[in-house]
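K.L.:
Same order as they appear, the protein sequences are chains X and A.
For the record, in the first sequence the residue sitting at position 109 is 109 according to UniProt numbering, with numbers rising by one throughout.
For the record, in the second sequence the residue sitting at position 121 is 121 according to UniProt numbering, with numbers rising by one throughout.
Check each hint, because a few of them may be wrong.
[What the hints assert, rightly or not] Think about it this way: if two alpha-carbon atoms lie no more than 30 Å apart in a straight line, the pair counts; the simulated DSSO-like pairs of lysine-lysine are: (1) 276/X to 93/A; (2) 393/X to 93/A; (3) 262/X to 203/X; (4) 349/X to 176/X; (5) 151/X to 408/X; (6) 95/X to 363/X; (7) 393/X to 83/X; (8) 134/A to 217/X; (9) 308/X to 70/X; (10) 203/X to 217/X; (11) 408/X to 262/X; (12) 108/X to 393/X; (13) 217/X to 262/X; (14) 233/X to 134/A; (15) 262/X to 172/A; (16) 408/X to 134/A; (17) 285/X to 180/X; (18) 372/X to 81/X; (19) 134/A to 285/X; (20) 302/X to 217/X; (21) 302/X to 363/X.
In short, the hints are calculated from the structure, not lab data.
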Amino acid sequence: MNRREVLLSGVALSLAGTHAFAQAGKEILIGCIWPLTGPTAQIGADARHALETAVDIVNNSHDLDLPTAKNAGLAGLGGAKIKLVFADHQGDPQKGRAEAERLITQDKVVAICGAFHSSVSATVSASCERYGVPYIAADSSSPSLHRRGLKFFFRPAAHDEMFSLAMFEFMDALKKKGKKIDTVGLFFEDTIFGTDSSNVQRKLAADRGYKVAVDIKYRASSPSLTAEVQQIKSANPDVLLPSSYTTDTILLMKTMDELGYKPNNILAQAAGFSDKATFDAVGDKLNGMISRASFSLDLAAKRPSVGKVNEMFKARANRDLNDNTSRQLTCILVLADAIDRAKSTDGEKIRAALAATDTPGEKTIMPWKRIKFTPEGQNDDADPVLLQYLGGKFVTVYPAQAAIAEPKWPMNG
Amino acid sequence: MTTQAFLQVIASGLLLGLIYALIAVGLSLIFGLMDVVNFAHGEFLMLAMYATFGLVLATTLDPVVLMPLVVALMFVLGVSVYAGIIRYAMRAKANPGMVQIFATFGLALLIQGLAQYFFTPDYRNIANTWLGGKTLNLGGVFLPWPQIFGGAVSLAVFAGLYWLITRTDFGKALEATREDQGAVALVGIDRNRVFALGWGLGAALVGIAGAVLAIFYYIHPQVGGTFALIAYVTVALGGFGSIFGALVAGVIVGLVEALTTLILPASLKSVGVYSLYLLVLFVRPSGLFGRL
């Protein structure tokens, strides 16, 4: 090394030093768009606890085997802390779009996470794409979302095709064991979540030889579901496959009970069927219900961080992590890890770091093989699990490697 | 579809329709009395449901027993809203109609925001009531007791209102004020007092609906919106200001909605109601029993 190089490297080092110093004092802003008011506000309230738990993990030093947990702040940016900026979309895609643009242009967030409703994720991610800001879909599960050729869209969790596929494979396995499953009933709400979910299920049913005995698209937040339930009751499918948000789930279960109808089996697309509010309201009517999930507390036996993170979350939210909150929490950890590796707050560089993500499943709190995104931004290794609600708690019943019990089938037998 | 299933849908639609009518009648009353559309009507309903929920928690009594207390609280709320807001809104010199709309709409947003803040967005549910979870089985047609109770209360309320308006002095003052707000002052009726009592009565009526609904429906800060739109359509269909119209229109809305679901996909269940509403608007703009 000659004098010139020594001098240059010295300059470079000092510059890097000031840069790191500047970053350490700076907060990295991340936009979080969830329904904080409106009929699904409870999802947003829970999401806030989950996201803040993740921020705690990133910003403080924790003895957890998760990326960015050991250091206080992001090591790649000289210990910079992340800060969340919340916005409320009220379940409305247009409000979501407006809030996303405000977060990007006024608050200067480096990335956006959201949004529960797939319909909102669709508009928000389109805005993010235009501004070159990465969007992480934490808990929106419509398959169409990652098929739009967006460069800045990432989804660490499974989508409804993967979830539905797991459901049908589960039914196939039960059939092989001699259980009677010939007919299925589709019951889904009329926004993108329910419609997409049912499209996949209709196709899977046709491919695998299940007869669709009843196929009901209903209006979300209806004052009454009596006529709808009457149709399900008349058809009496072997398995009911509902895709519903919380209010409708509560009403559906109450109406079934009122009309004296006990479904043979319910295999649900989570959402309302994994919300604590549902179990508080109609838990007694849900015994034996099976829901797909991205998360299982049983996993704590194999991955110690699951139990510890759950305790941290519980201290804030006064409830256990569930399907939604685990994905929300993970979304911030995935993003923080990418920013850390990008060593930059530039949208393009964070995008590149996200695209290069390769986190083994053991370094997450999820039952996934790994986190590795396809060119479309989907993590195909996010294995779904099926949980059965028995005696007031969820038990993992599928797939075999994660199951801790045999399913009770039929649920009302 | 079997006859039994068809009868089930009709019966459920009828019971729900009676409850729609009960929700709508307070709105119709206030409109008929003073030409003010209360955009906070759904929020009044929500408050009544929370009041029922809160009183059940506090006293551990059955919601049916607590109904009179809820209704009294709602009456006080109605009178206070009139005295604190509407009275001033009606005095606006420029564009009083818009001022009234903004006043009640703003009130709706305020109530919703406060409910979300104080009650949290959690879904509430009153468990273990006398009627809750019990169903009457009429040869395969299932009628839940809370809804039967709601329908019966609705009919009783309409009978009571009929009596109140036709047989009491207050009812006559109410009718007279409706006919001619200016002239009643000449015969010594305190218009302001009639309006205040009218608001109290309107809120008390939606309070009854809320107390009934709380027995079988989930409660959360936005629940008013689910029913408010139907209440507006019911009032417009029956004729603004017509009490009897609200009853008939409520039942029609309930039945049409249920029957539409049998013919069209369930996501289009409102199409029948709105089509009927548009038809009535074209043929008879004042609504079925309106006097406009």
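K.L.:
Next pair to validate is residue 233/X with residue 134/A; report whether the Cα-Cα distance is within 30 Å.
P.N.:
Holds. Residue 233/X to residue 134/A sits at ~18 Å (cutoff 30 Å).
K.L.:
Verify the proposed pairing of residue 217/X with residue 262/X, using a straight-line Cα cut of 30 Å.
P.N.:
Holds, at about 20 Å.
K.L.:
For the pair supplied as a hint, residue 302/X and residue 363/X, confirm whether the alpha-carbon distance does not exceed 30 Å.
P.N.:
OK: residue 302/X and residue 363/X at ~12 Å, within 30 Å.
K.L.:
Holds or violated: residue 302/X with residue 217/X, Cα cutoff 30 Å?
P.N.:
40 Å, violated
K.L.:
Residue 276/X and residue 93/A: Cα distance at most 30 Å?
P.N.:
Violated, at roughly 51 Å.
K.L.:
CA of residue 151/X to CA of residue 408/X, is that 30 Å or under?
P.N.:
43 Å, violated
K.L.:
For a C-alpha distance cap of 30 Å, please report whether residue 134/A and residue 217/X respect it.
P.N.:
28 Å, holds
K.L.:
Does residue 83/X lie within 30 Å of residue 393/X when you go C-alpha to C-alpha?
P.N.:
Not OK: residue 393/X and residue 83/X at ~34 Å, beyond 30 Å, violated.
K.L.:
Are the Cα atoms of residue 393/X and residue 93/A separated by 30 Å or less?
P.N.:
Cα-Cα ~62 Å, so violated.
K.L.:
Are the Cα positions of residue 134/A and residue 285/X separated by 30 Å at most?
P.N.:
14 Å, holds
K.L.:
Does residue 262/X sit within 30 Å of residue 408/X, going by the straight-line distance between their CA atoms?
P.N.:
Holds, because 15 Å separates the two Cα atoms, which is no more than 30 Å.
K.L.:
Does residue 349/X pair with residue 176/X here, judged by a C-alpha cut-off of 30 Å?
P.N.:
This hinted pair is violated, its Cα atoms lying about 49 Å apart.
When held up to the earlier numbered hints, the structure conflicts with 1, 2, 4, 5, 6, 7, 12, 15 and 20 and fits the remainder.
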